[in-house]
Every structure is written in C-alpha cells, then in structure tokens.
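Visitor: Residue numbers for the sequence shown follow the working numbering, beginning at 345 and rising by one.
Keep in mind that the hints were calculated from the coordinates and are not lab data.
Take these hints with a grain of salt, some might be off.
[What the hints assert, rightly or not] Keeping only pairs whose Cα atoms sit at most 25 Å apart, straight-line, the calculated DSS-like set for lysine-lysine is: (1) K396 <-> K471; (2) K396 <-> K501; (3) K471 <-> K503; (4) K501 <-> K473; (5) K473 <-> K503; (6) K471 <-> K501.
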Amino acid sequence: MKTMKIWRKTRKIESHASRFANGRLSVMGAIFFVVLATVTLASCSIEEPDGKWDSMVWLADTPNQITDGVINVSANGCEMTFSCRNYSSPWIENAEFAGEYYYPPREGNNYHTVTTDWFYAEMIGNKLKVTFERNETTTERPIVLTVTAGDIFYTFKFKQFANR
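Make the full structure from the sequences, and use the hints.
Guide: Here you go:
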C-alpha cells in the first residue's frame, strides 16, 4: 500500500512537471515566433517600394548625332537600331508627333509596332528598329517614342531635319 501511495505522489509530481515543461515550451515557442516575425518585418525596406524598377539602358548599334538629348535624323531618312541592355522584351507604348498620339495596333494584340505615314518603329526582343522616310517638307519633324517594360518607361526623342 505504501508503494502505491509513493507511486501516486511520484505520478502527480511528474504530471505537474510535464505541464510545467509543456507550458514552458509553448512560451518559448511564442517568443521564438515573435522574434521571427520581428526580424522578417524589419528586413522589409521602406526605402525601395514595390514596383521600383531599374531604368532602361539603351545602346545605339551605330553612332548617332545627339543634341540636348534629341537624336538628329537626316532629311534623307534612315534606319536606326537600339538594344536594351537590361530588359529582354520591352514593348512600344506610343509615339507622339505634332500633338497627336500613335499607338500600336493593340486590338490585334500587337504591342511591338507603331507607324505614321513617314515613321515606323518595331520591337523584336530587346532590339528597337526605327525607320524614317525621306522628309520632303520644309519643316522639321520632331517625334517622341515611348517604350515600356511594365512599370518602367523610356522616351526616345528624334528630330528629322527639313528638306532645304
């Protein structure tokens, strides 16, 4: 009988000890979770918001004459090719000439070409090919071409000289 009482007392002590250990483990688990959540949240940087993309880097395949950020184009017309160095497949957003905007034929799901009666631009992968027809007029033709890769845009400014 004495052994039975000792066994019950030992059993009660073990039961309390295991409750204490389980409670201690859950407190330690909660502390670990709070520390982990704090570290995770602290690793997020407010300095760089979502959608911050690197600026597009373009390189002309042939040298161009540039004045004040505007690429000069001969009145005789020409073809120019540019390569985007840090985006693999940008597309054309629009072209603007004399206050009028020209858009790619989006209804045909084509975001890679835009044209006017004297200007044509086409994106193939990371290559932009721009073609200017001969300028038979006596006025310069400035045109702005905007390309995009999502949340980043790049604007090409061209000025085709007048036929004198």
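Visitor: So, for every hint listed, does it hold in this structure?
Guide: So, going through the hints one by one against the coordinates:
1. Note on K396 and K471: the hinted pairing holds, with a Cα-Cα distance of about 23 Å set against a maximum of 25 Å.
2. For the suggested pair K396 and K501, the alpha carbons sit about 24 Å apart, so the restraint of at most 25 Å is met.
3. Distance check on the hinted pair: K471 and K503 sit about 21 Å apart at the alpha-carbon level, within 25 Å; holds.
4. Between K501 and K473 the alpha-carbon distance is near 14 Å, which keeps this suggested pair within the 25 Å criterion.
5. Proposed proximity of K473 and K503 is supported: the alpha carbons are some 16 Å apart, at most 25 Å.
6. Between K471 and K501 the CA atoms are separated by roughly 17 Å; this keeps the pair inside 25 Å, and the hint holds.
Consistency with the previously given hints is maintained throughout, with no hint failing.
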